[in-house]
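In the order they appear, the protein sequences are chains U and L. Our numbering applies: residue 1 is where the first sequence begins, and numbers increase by one. Our numbering applies: residue 1 is where the second sequence begins, and numbers increase by one.
Everything labelled a hint here was simulated from the structure, so no lab data went into it. Some hints here could point you the wrong way.
[What the hints assert, rightly or not] Which stretches of chain L does chain U cover? Using the computed rule of at least three CB atoms under 8 Å from a CB of chain U, they are:
#, segment
1, 70-84
2, 129-139
3, 149-155
4, 249-262
We put the CB at the ideal spot given by N, CA and C, even for glycine.
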Amino acid sequence: MPTRRIPLIAIVALLAVACGTAGGGTGSTAPGLAGTLVGAGASSQAAAMDGWKAGFAEVEPGVTVEYDPIGSGGGRSTFLAGGSDFAGSDSPLKAEEFEQSLDRCGPLGAISVPHYISPIAIAYNLPSVGDTVLQLSPETVAGIFANQIVNWNDPKIAADNPGVDLPDLAINPVHRSDESGTSANFTDYLAQAAPAVWTWGSIEVWDEGPGGGEGADGTSGVVAAIRAGEGSIGYADASQIGDLPAAAVGVGGGFVRFSPEAAGRIVDSSERVSSGSEWDYAIEVNRTPDNPDTYPIALVSYHIFCLEYEDQAKADLVKAFMGWVGSEDGQAAAAASAGSAPISDAVRDAIARSIDQVTVADG
Amino acid sequence: MTIEQSAREERQVRVSKVGDRVFLGLSRGAGVFILVTLAGVALFLFREALPALQADATEFRDSDTFLQYVGPLVFGTVLASVLAVVLAAPLAVAVALYLTHYAPKRLARTFGLFVDLLAAIPSVVFGLWGIAFLAPLLARHVYPVLHENFGWIPLFAGPVVPSGRSMLTAGIVLAVMILPLMTAISREAFSRTPRLHEEASLALGATRWEMIRQAVLPFGRSAVVSGTMLGLGRALGETMAVAMILSPADLFSVNLIGPENPNTIAANIALRFPEAQGLDVNRLLATGLVLFAVTLVVNLVARRIASGGAA
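Excised from the complex, chain U in its bound form (with noise of 0.2 Å):
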């Protein structure tokens, strides 16, 4: 499929850099920039690039933002291939991906910069708990959903809730059906929390795990699965979960319950791995963090852009559309839009440094 998407997107890019010529070049701080900016991958941020375009439009009218959630392989391999300007990828570049974009980008490169941070909540349907809310040490959500505990009154989960009344009624683990990048990001953070009990990896298709429980397909429907059966309890996206009650994890000791600020604390307390380029921003993303204040079940997705593009138009829509999306406003339209959890203010700052070395090549 994505092969077969190129040249459309090819075309479209061309017409963009006839666009761009024509309208800007007189400097990349200039206000009034023209032209279009195509972009390509990761369906998880589709709801989030809908609220980026929108709120781009009204910053910088003349622009055009285009995106194709095509997936992230196909996303990079499209970027690499020069049939768009960016991809957006649920992972980074990787090292031999990086060689490759010196083709595509010239000395410099390409560099991934996490834009976009997804909460995933664990939500349950045990309305005899009433307004508590659940706490739930990483052993014991793996222990759930490897089929180990099986009742609400087990003594793994009463000794998370101490003075909590647990009903004595069936545990039905929800998950999705489909394959999906939030069942790989969640079963990546039991696979690291708690890799005595969750040994099968991190996987994005179920049955490649231990099975059992009830699958259902999308978001929507693990939702819907959830709050139709009492006694449930699934993953999903956090912005997706209504009213449903989420469970805090436990964290560094504590046990820390999902908000934006939290989860986005994430890429915070993340290793960085760099690719190749010094300005690269992947991380490995770290599920056990020390600090009980930052949520570890979250999905993070980067774009990656070249560090040089040919012509001064293309670079100028790249590093204004990049910057914005990192800043402040850019993150409150995906959190708006999407959902999303805002980068905290040390990564943004980094970011924005990366973003300045978007230039235009020499010659």
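Please build the complex by placing chain L on the supplied structure of chain U, with the hints as guidance.
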């Protein structure tokens, strides 16, 4: 005069022959087109499926051989469809008999319209209805009762899935979806029962029910069978409603009310295709080829039974 007349006749004959030839060509072309399309689909499926059929099990992330992969899916597909037909067939025959032999004429027409209307509802709407209304209702009031009283039958072994998204729910929704098709075919056949047969039966002193058993049912038998097979064919390929309702897992299970159900081929393709890459796409198409074959066999059997019954 006579020469002129015969000349005119000749011209007419010639003109009508041209019309015949054109129509013959058109209809033959349409027939050939259908065959070519069918062969093209089969060829495409086979070509795309081949890499997955030849690949080693270790090349897949779940390291299943193709038989291991497709086995539970074929089982789930057949189980869901047979369940739907078993539930729908008696109901369809009863509704058709009521419409043709019991209901007052005007009521029958309105009622028949509503049954046909069921066929016009898109399957995604049935899926939503199944998830939002039927499944929770069954999970709350029916499945626990089934499990408590008939739990010793493997079909109701449980545990009951609290949201109700089980094989039995999928079967019931599929039954509702194929009901109009099966009813329409049975109704058509029953209404064509020769009046003389019915009157002869009644004249011999048969009650209405005896008359139906003696005259109507034997006459409509082959239509009921072929309608059932057509319904089975539709249920085999139904995708959206099953993908939404069924809680799937990779296993064989006859437990109709639990959370772990073998998925159907069509629903599995719908769930996996959007994110599939490389060899996984080939494998999904290979399961499509299997579904194609299963449906073909069902239709051939239906045709055999239908024509055998009429002879």
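Tell me, in ascending order, the numbers of any earlier hints that this structure violates. 1, 3
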